[in-house]
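Visitor: Sequence:
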Amino acid sequence: MAKRVLALVVPAALALAGCGDTWGERAASGGAIGLASGAAAGALIGGLPIWGGALIGVAAGAAIGAITTPDASVTSSDRK
Numbered sequence: 011m012a013k014r015v016l017a018l019v020v021p022a023a024l025a026l027a028g029c030g031d032t033w034g035e036r037a038a039s040g041g042a043i044g045l046a047s048g049a050a051a052g053a054l055i056g057g058l059p060i061w062g063g064a065l066i067g068v069a070a071g072a073a074i075g076a077i078t079t080p081d082a083s084v085t086s087s088d089r090k
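Each residue of the sequence shown is one higher than the one before, starting from 11 at the first, in this note's numbering.
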């Protein structure tokens, strides 16, 4: 069961985890990265259900993504 969840969650989170230009985009991408890492940690470490690890990870990732700022020296038009 845990391997199936990881096989679905990790690729989906990585696909959604692109860098964001706005506060909301960074929070969403941070949450996606946190979701995948938390689910993986919950599955591999044990003692915590997969969904518990995913909830902790998504909260931490979204918070970190929301409090960070994009690199001021790189504008959206410079990114390719």
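Any given hint might turn out to be false.
[Stated by the list, open to error] Pair by pair, the computed Cβ-Cβ distance ranges are:
#: 1; residue 1: 32; residue 2: 57; range: 35 to 41 Å
#: 2; residue 1: 31; residue 2: 73; range: 16 to 22 Å
#: 3; residue 1: 31; residue 2: 69; range: 20 to 26 Å
#: 4; residue 1: 61; residue 2: 34; range: 22 to 28 Å
#: 5; residue 1: 61; residue 2: 33; range: 24 to 30 Å
#: 6; residue 1: 58; residue 2: 79; range: 28 to 34 Å
#: 7; residue 1: 69; residue 2: 32; range: 16 to 22 Å
Hints were generated in silico from the structure; no laboratory data involved.
This one's a predicted model, so the numbers in the text were calculated from it and none came from an experiment.
Idealized CB from N, CA, C, for every residue including glycine.
Visitor: Look at each hint and say if it fits the structure.
Guide: Each hint tested on the structure:
no., hint, result
1, 32 / 57: 35 to 41 Å, "holds, 37 Å"
2, 31 / 73: 16 to 22 Å, "holds, 19 Å"
3, 31 / 69: 20 to 26 Å, "holds, 22 Å"
4, 61 / 34: 22 to 28 Å, "holds, 24 Å"
5, 61 / 33: 24 to 30 Å, "holds, 27 Å"
6, 58 / 79: 28 to 34 Å, "holds, 32 Å"
7, 69 / 32: 16 to 22 Å, "holds, 20 Å"
Of the numbered hints listed earlier, not one is contradicted by the structure.
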